Structure formats: structure tokens, C-alpha cells
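Chains P and X are the protein sequences, given in the same order.
Using the working numbering, read the first sequence as starting at 1062 and increasing by one per residue.
Using the working numbering, read the second sequence as starting at 2 and increasing by one per residue.
Calculated directly from the structure, the hints in this document are not laboratory data.
Computed cross-link-like contacts, DSBU-like style, restricted to lysine-lysine with a CA-CA straight-line distance of at most 35 angstroms:
no.	chain 1	residue 1	chain 2	residue 2
1	P	K1190	X	K8
2	X	K5	P	K1169
3	P	K1169	X	K8
4	P	K1207	X	K5
5	P	K1207	P	K1169
6	P	K1207	X	K8
7	X	K263	X	K5
8	X	K263	X	K8
9	P	K1280	P	K1207
10	X	K263	P	K1207
11	P	K1190	X	K263
Nothing here was measured: the structure is a model prediction, and the numbers come from that model.
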Amino acid sequence: MSFLQFDNVTKYYGNRPALQNVTCGMEPGRITGLLGPNGSGKTTMLKLAAGLLQPTAGRVLIGGAAPGPETKKLTAYLPDRVSLPRNFRASDAVALFADFYADFDAAKAVEMLRSLGVEASQRIASMSKGTQEKTQLCLTMSRGAKLFLLDEPLGGVDPATRDYILSTIIRGYTEDATLVISTHIIGDVERILDDVVFIQNGTVAVADSAEHLRETRGKSVDGIFREVFACL
Amino acid sequence: MFVKLLKWEFRQTGRVMLPVLGGALILYGGALGAQALIQLIAGAPAWLDVAGRMLYALSVLTLIVCSVAAFFYGVVRFYRLLGDEGYLMFSLPVTASQHIGAKLIASCTWMILSIGLSFVAGGAEAGPIVSTNDPELQELLARLWPGAPLYAGFFAFLLVSLVVSVLWMYFLCAVGAQWGQSRFAATVVAYIVSGVAVQILSVAALAAFAFAAAYSPLGQQMAGYFLANPLAALTAWVWGFAALSAAVAAALFFATRYLITKRLNLA
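Model the full structure from these sequences, guided by the hints.
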């Protein structure tokens, strides 16, 4: 069984289905791209895996266990928005992660933040939105987690920042970890993906290794994405 | 993990509440000092004495306001937990019960501390107790002693009511959070609707109780007992209310926990 497994997962928000009978798995030591247009259900899948949401039906398993406090110890989740309290200083955020996650490398986080020009005493509220996002990414990638869930880490950032983010992800993640990146910006991220899952209207449209997809369809993942979602 | 969460909650709330309480205590100290100075001034005009007393009253009032501030700040923090901050906090390896518990304990602690300080500050005006051997004091204590279980019940009721008031707001925030982007409006609507519902239910329960007390044999029996043993009956009554409030607190806690685990929908 995959380290992160979705078994017939359905999720409704009120009467509106966000996911319908989603079954797929993400393997250890591989980077999986969760690809799909806005509103396709990518964020919902990551929230379910992070334990922020409960499935309406089906089950999500992380290392064989349902999401809960034990799986959260193994999971590093980067939401698609800044979630650090605005009154926090950078040092507070580092201390919070150090307090709650045994796998958190505080020295690495401080070093990464310093390279960003973020001082320990700097308040989150005084940072630009981009720096807040990068700070959050540094904290997430300073963990030695077994599962990384990165929700739209490249959303709304300039190309130079994208490179920074991608290199931070590659440097930060441990080789045997499962890494899931949700995005609709395929071009930049394609080179680092081992597997891809295309999500369309809350269902899995394609799930395969990136290499196999390129071989069988004769196109880049970006090209296949444009083909699959062409009429949307 | 709960202890760590509690520590974080106190650290975060302390950053706001300590300066607020500190400011109120400085004001209180200043008021006491001003009063002492006025006493030293021979032939001080009456308006100066009035001004000193008003400053003192204001300083005690400020301490009471601190408890209200602690209440609202606690509610705001819980409201934020169900917004963007929830993405971080609910990713921590702690349970929903621990989140609610830590926020509840921190909020109630600051409120109790503020209320306690305002009582001490307000009581200081009554003058110090000269000695516990004072015969008048001993006589007063002897007369009050049979009512000790009643006072304890009343104190327990106040404490539990404090917890209920905080949990009630948490519950309303969790209800409002079911409407995602419109959660503030939904929380306000939930507050108004639930307030009206509680008022109607309270009046109905009171009317039913009065009717039962007046016309049912059991009610008349109880009324007789009440008249024959007013202190014991009142004590049982107060403790009963405290127990009922504790049951309401438990229900609110579990309902809030259900909403933020099974039906969490962060804005």
C-alpha cells in the first residue's frame, strides 16, 4: 500500500461535491504532482490528508493510519495561504515548530530564514506577502517529515521566486519522504515530478508516472495537462 | 502536547493581557497613592477628596473591564482559530479537545485573575481586617458559617457560568464557521437566534416550574420543604443550578468539538 492512500474518497461541502470516489496513492521517495485547474479538488485532497477535513465517504490513510495527531507528527503541510499568526515574530514561528514537531530542524530553519533576509525578531505582519509565504515554506521544509503536502507553493509568485521555492523544496525534502505538490502551473514544476495525478471535477482523470506518461503520449506533462483540460 | 499547547496559549494571550492588567494595576496603585496624598494634605478641599475617590473607583472599574477584555480576546482567538490560523494550528499534532481546552483554560484564567484583582482592589476600600481575633469579626463569621455550603455552591455556580459563557461563544463561532466565507455574519446571526431561543426556553421552563410548584403535589411538598428549611433548600437549589450549568458546559464542549472535527471548514 502507498504511504498516502485515498480509498474511494468522497467529500461534500453542503450539497456540493468536491471529490467523488477518488482512489489513488502516493509512494515514498517520490514527488507527486497533484494537477488540475482551480476548483478541481486538489486543495480538498491535501486538507483531507493533513487532517483538516473529514471525508464524507471513503478513507484516507497515511502509513496505514487515518489522519489524526499521530499522522500529523509525520506530515508537513504547507497551506495555500499564509497561516502564521500576524502577531508572531519569525522566532515565535520557529519555536512553535520546534516545540510541536520532533523532526523539526530549528538551526536549518533559522539559516534558511537568514538567507531570505528575515531576522528572528521580525514580525510576520511587517513582512511582504511573498516573504510570509517563503517563511512558511522554510518552516515546512525544515522538517524531516515522512509526508510533505505542499498546496500551490508556486501560486502567484514571480519566476525568480518560483526557482527559489523549487530549489528550497528539493533541498529540504528527505529522500525517503512522500512529497505531494498541488499546482496548476505545470511548466516550472514538471522537471521535479516523478508521478502525476490529474484531478478533474473532483475525480481522478489520470494517475501515472510522469516518465510513462511522456513516453506513451509523446508529450510533456504540461502538454498532456493542456490536452486533458482543453475544453474547461 | 496539551501542556505545550497551554504554554503557547498563555504566552500568546499574556502578550496582550499582561500589559492590559499591568496598566490597570498601575492605575490602581496611582489611585491609592493619590488618596494617601490627599489624606496628608491638611484642609484639602472637598472636590480633591471626591476626585481621589473617583480615580479610585475608575481604577477598580478598569480592572473589571480587564475581565471583559479577557473574555472578548479569548473569543477573538477562537474565532481566528477557525480562519487562516487554523491551517497552522490544526496541523499541529494535537486533538480538537486540546485546542478547545487550552483556549478555555487560558481565557478563564485571565478572566478570573482580573475579577479576583478587582475584588481585592474594591475590598481594600472597605478597610483592612485588623485582626482575626476581633470579636465582631468572629461573631459575624459564626453567623455566616451555616451558610458556607450555600456560598460554596454560589461560587461554583459563578465559576461554571464563566466557563459556559466562554464555551457558548466558542460554540457559536464553530456554528458560524460552517458558512465559510460569511462566517462572521453567520456567527452574529447564530448569537442572536440562540439568544432569543434561550430566552424563550427559559421563560417557558420558569412558567412550567411555577405551575408545577403551585399545582402538583410534589411541587407543594417541595414548597413546604423550602419554607421549613430555607437554607438547605436554597443550598440544594444553587448546587443544582451549578450541576445543570456543568452539564450545559459539557454539552457545549462536545458540540464544539464535533463541529471543528467532523464539520471543520476553514475560511
